[in-house]
Amino acid sequence: MIEFKNLHKRFGKLVVLDGLDLEIHKGGIFAILGPNGSGKTTLIKCLLGMVIPNKGDIFFEKKSVLRKWAYRNNLNYLPQIANFPPNLTVLELINMVKNLRPKESNEQELIELFGLKSFLDKKLGNLSGGTKQKVNVVLAFMFDSDLIVLDEPTNGLDPIALIHLKEIIQKEKEKGKTILITTHIMSFVDEVADEIVFLLDGKIYFKGTVDAIKKQTNNDNLEHAIANLIAKQYA
Amino acid sequence: MLKILKYSFYDLMRSRWSYVYFLFYLLLGFVLLFLNNDVDKAVITLMNIIIVLTPLIGTIFGVMYYYNSKEFTELLLAQPINRSKIFMGQYLGISISLTLSLVLGLGIPFVLYGLFKSAAIFNFSLLLVVGAFLNFIFVALSYNIALSTENKIKGFGYAILMWLFLAVIYDGIFIISLVVFNSYPLDKFSLVATMFNPIDLSRILILLKLDISALLGYTGAVFRKFFGTNFGMLISMGVLVLWVVLPVLRMNFKLRKKDF
Amino acid sequence: MKYKIGLFFFFMAFAVSAKQIVVCQSCEVKTIKEAIKMAKDGDEILIKKGVYKEQDIVIDKPISLIGEKGAVIDGNNVGGILIFQTNNFKIKGLKIINVGLSYTIEYAAIKVIRANDFIIEDCIMENVFFGILVEKSKRGIIRNNKISSNRKNEASSGNGIHIWSGEEMKIYKNEMFGLRDGIYFEFVKNSIAHNNLSYNNIRYGLHFMFSNNNEYHHNEFRNNGAGVAVMFSKFTNMHHNKFRLNWGSASYGLLLKEIYDAEIYNNLFEQNTIGINAEGSTRINYKNNTFLRNGWAVKIAGACYSNIFIKNDFLNNSLDLAYNSNINDNKFDNNYWSEYTGYDLDKDGIGDVPYRPVKLFSYIVNKTPEALILLRSLFVDIINFSEKVSPVFTPTDLMDNNPIMKRIND
Numbered sequence: 001m002i003e004f005k006n007l008h009k010r011f012g013k014l015v016v017l018d019g020l021d022l023e024i025h026k027g028g029i030f031a032i033l034g035p036n037g038s039g040k041t042t043l044i045k046c047l048l049g050m051v052i053p054n055k056g057d058i059f060f061e062k063k064s065v066l067r068k069w070a071y072r073n074n075l076n077y078l079p080q081i082a083n084f085p086p087n088l089t090v091l092e093l094i095n096m097v098k099n100l101r102p103k104e105s106n107e108q109e110l111i112e113l114f115g116l117k118s119f120l121d122k123k124l125g126n127l128s129g130g131t132k133q134k135v136n137v138v139l140a141f142m143f144d145s146d147l148i149v150l151d152e153p154t155n156g157l158d159p160i161a162l163i164h165l166k167e168i169i170q171k172e173k174e175k176g177k178t179i180l181i182t183t184h185i186m187s188f189v190d191e192v193a194d195e196i197v198f199l200l201d202g203k204i205y206f207k208g209t210v211d212a213i214k215k216q217t218n219n220d221n222l223e224h225a226i227a228n229l230i231a232k233q234y235a
Numbered sequence: 236m237l238k239i240l241k242y243s244f245y246d247l248m249r250s251r252w253s254y255v256y257f258l259f260y261l262l263l264g265f266v267l268l269f270l271n272n273d274v275d276k277a278v279i280t281l282m283n284i285i286i287v288l289t290p291l292i293g294t295i296f297g298v299m300y301y302y303n304s305k306e307f308t309e310l311l312l313a314q315p316i317n318r319s320k321i322f323m324g325q326y327l328g329i330s331i332s333l334t335l336s337l338v339l340g341l342g343i344p345f346v347l348y349g350l351f352k353s354a355a356i357f358n359f360s361l362l363l364v365v366g367a368f369l370n371f372i373f374v375a376l377s378y379n380i381a382l383s384t385e386n387k388i389k390g391f392g393y394a395i396l397m398w399l400f401l402a403v404i405y406d407g408i409f410i411i412s413l414v415v416f417n418s419y420p421l422d423k424f425s426l427v428a429t430m431f432n433p434i435d436l437s438r439i440l441i442l443l444k445l446d447i448s449a450l451l452g453y454t455g456a457v458f459r460k461f462f463g464t465n466f467g468m469l470i471s472m473g474v475l476v477l478w479v480v481l482p483v484l485r486m487n488f489k490l491r492k493k494d495f
Numbered sequence: 496m497k498y499k500i501g502l503f504f505f506f507m508a509f510a511v512s513a514k515q516i517v518v519c520q521s522c523e524v525k526t527i528k529e530a531i532k533m534a535k536d537g538d539e540i541l542i543k544k545g546v547y548k549e550q551d552i553v554i555d556k557p558i559s560l561i562g563e564k565g566a567v568i569d570g571n572n573v574g575g576i577l578i579f580q581t582n583n584f585k586i587k588g589l590k591i592i593n594v595g596l597s598y599t600i601e602y603a604a605i606k607v608i609r610a611n612d613f614i615i616e617d618c619i620m621e622n623v624f625f626g627i628l629v630e631k632s633k634r635g636i637i638r639n640n641k642i643s644s645n646r647k648n649e650a651s652s653g654n655g656i657h658i659w660s661g662e663e664m665k666i667y668k669n670e671m672f673g674l675r676d677g678i679y680f681e682f683v684k685n686s687i688a689h690n691n692l693s694y695n696n697i698r699y700g701l702h703f704m705f706s707n708n709n710e711y712h713h714n715e716f717r718n719n720g721a722g723v724a725v726m727f728s729k730f731t732n733m734h735h736n737k738f739r740l741n742w743g744s745a746s747y748g749l750l751l752k753e754i755y756d757a758e759i760y761n762n763l764f765e766q767n768t769i770g771i772n773a774e775g776s777t778r779i780n781y782k783n784n785t786f787l788r789n790g791w792a793v794k795i796a797g798a799c800y801s802n803i804f805i806k807n808d809f810l811n812n813s814l815d816l817a818y819n820s821n822i823n824d825n826k827f828d829n830n831y832w833s834e835y836t837g838y839d840l841d842k843d844g845i846g847d848v849p850y851r852p853v854k855l856f857s858y859i860v861n862k863t864p865e866a867l868i869l870l871r872s873l874f875v876d877i878i879n880f881s882e883k884v885s886p887v888f889t890p891t892d893l894m895d896n897n898p899i900m901k902r903i904n905d
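Residue numbers (our numbering), protein chains in the order written: chain A, 1 to 235; chain B, 236 to 495; chain C, 496 to 905.
FYI, nobody ran anything at the bench for these hints, they're computed from the structure.
One should not assume that every hint holds.
Far from chain B by the CB rule (all over 10 Å, computed), these chain C residues [stated by the list, open to error]:
(1) Glu563
(2) Lys641
(3) Asp828
(4) Gly837
Straight-line C-alpha distance at most 25 Å; calculated PhoX-like pairs for lysine-lysine [to be verified]:
(5) C:Lys587 to C:Lys633
(6) B:Lys238 to A:Lys98
(7) B:Lys238 to A:Lys132
(8) B:Lys305 to A:Lys132
(9) C:Lys544 to C:Lys532
(10) A:Lys123 to B:Lys305
(11) C:Lys862 to B:Lys423
(12) B:Lys489 to A:Lys13
(13) A:Lys68 to B:Lys320
(14) C:Lys737 to B:Lys444
(15) B:Lys492 to A:Lys68
(16) A:Lys103 to B:Lys320
(17) B:Lys238 to A:Lys103
(18) C:Lys842 to B:Lys276
Only a predicted model underlies this, so the values are computations on that prediction, with no experimental measurement involved.
Backbone N, C-alpha and C define an ideal beta-carbon position, used for all residues, glycine too.
Just chain A, same shape as in the assembly (with noise of 0.2 Å):
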């Protein structure tokens, strides 16, 4: 479904992806993961097409999405931190995403999961943290797409809506969907992932599932298997 073939990207003299080849295939929670710096976002933005790769191309259903946008109709993206223009409200930012993607939504029922009916009419510089994130995976859920990138979903998101966030994840996953994680929050990890995906020096160092690195590190616990992959890369 997705393959990046050879992409490098520097950003002035620092190289954060090094000819990376990463193949991904149709449906299942793959988690991305990596030290701070190892390109996780950077790899993502360029899936998203945020930032354009010096070298390498990159297939979303067989075709390059380098320079394109249309194929962004069948992908649905879940940015890092939840910033919307402060002076409208609620209704009006769903209305324009809606606007802007000509595609059924179902944000209702949504809206009703994360209760947040009675914020429809407030503006969004008057919500707080926890209730933006839940607009943002709002925005993010409404739509009907085969790929869904999350960035760091579980920032700021009280237990219950974290709760409903790992029901609507898996929900989709049933569907058939493909869902592109990236976390540092372990636990959540092994809770979601069917894969992972372990990012190092701008390369691909490990890609299988979640028994796989455990069994390959010998380590039951996750958080301590990657600490395990990590440390293994200082050494």
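Guided by the hints, dock chains B and C onto chain A, whose structure is given.
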């Protein structure tokens, strides 16, 4: 693009700063007209203010909006739309909302004063047109600066410096070089130097109406052609349009390579 | 007054014995020249409707020449048309067209030589070289005439009303355009020009040379090379005139050169490149004038002493005053300056801080004319302000100590 424009426009029109800006012009208009009763003088004072303030406000609003909506812009970038449409939408949204504050803020007191019966209507509309141009130019320039500068504080600093340079320093260098090279023919030089600064250009456009008696005192043939006919008006307007078009083109060019 | 009464009795006397000679195409007398030959002193020649192609018509006896409506004398662009060499004549209601052009002889529609006590009225002169040319004459009245031409340069154009060496002339309610000078006084004394309209002339609307003790008032001068030029003249009284829209690199509302003891009051100077340009002008009182939206309201070029500016309105001029030196012997007091930013805390209508009408910028523009393009720039405001605080280049003592807070001559 229109969809983005619509929402950034809504967002900005409801912002506190738009109201402050609008109220400032409203108050200014009322004070100038009703405490002064001299439309000519009001137009001159307004010119002095518009030429300095609109670029400053355009610059500040431009950079602030860019940096403050960075995250939201990223969300938009992940939507199925062309990059340049997102930024053009935002750019037009800011420029149009600022222009609206200017036109309504000054227009209301002038209409109440009975401007339409007054002979100053042409000067006044010219003032608003020039103000609108300055908004579009300086928002475009500040967007260019913001797009090229990742660091918010630096970007803000550069933008203010640009304004200071064009509003004050440029004219200082200009006048000093005129005085120093006094013995050379300077008419072409001074006209060309004017074209390279949108603030000077707008000033000249208004001078063509307000101070034409003084400008026609020039002896040089180039000046006489420029100021004595509609030629000057046309050229200045044309170059002002260029001042909008070129930064916008550069913005689009920059966008094609930009990483977010 | 005395001579007016004399004139009255003079005409009364003729009313008794005078006869009328009628000229028309179908009459016995077909040409004006013929009629003049027949006429006796005091007769009236009535010219009926029709075009009379005649030139060099010499009138050497005191008669009246009256034109009916539609009576036209066409000079065919050959030479002068009517030449009066007599006292006590009158000409009225004629249309005189197409005077010849010459670079050596001053051809005129009506030439008056050594004549006293005459009236020229209600005549229309078109396409003239000179309109009315009066030489060495006294007590003439020139009124309600319309004189025009369409000349393009100074050399090929003549003046509308040109008086060379005259006394006690009265010139009023005339309209002049497309000429060199609208009215020209050369060696003229004790004469008045009023309620005339002079516009679109190549050189001056009204021009004085070596002429003393004259007065002009309630005239309008619009869009001429310069509105009025007063040169080498003394005791000229100028009031209630309008000087408007005189635009160009050498254009002034009023040009003063080597003049003494003049009074200039209640005039309006509107949208001229330079309102008043004064050179070598001494003991002149400028009072209650309005300077509105001129490039420079007043430009003092040099050697101007003991001039006094009181109670004038300086309104929205690009620059109020230009001085080419930093010495000042002129006085500014009690004027209204729209540029004045001072305050009046004691509410006596007079600003509490003096106003300095000469800006640093006007000094710079004097040295470098191109700098004018920076007019009203923020940078210019800043340097003007610093010069205001501590004058270096502009005359220190040149200021209006009692600037008025409100318009004076509204």
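*Which hints, by number, does the structure contradict?*
none
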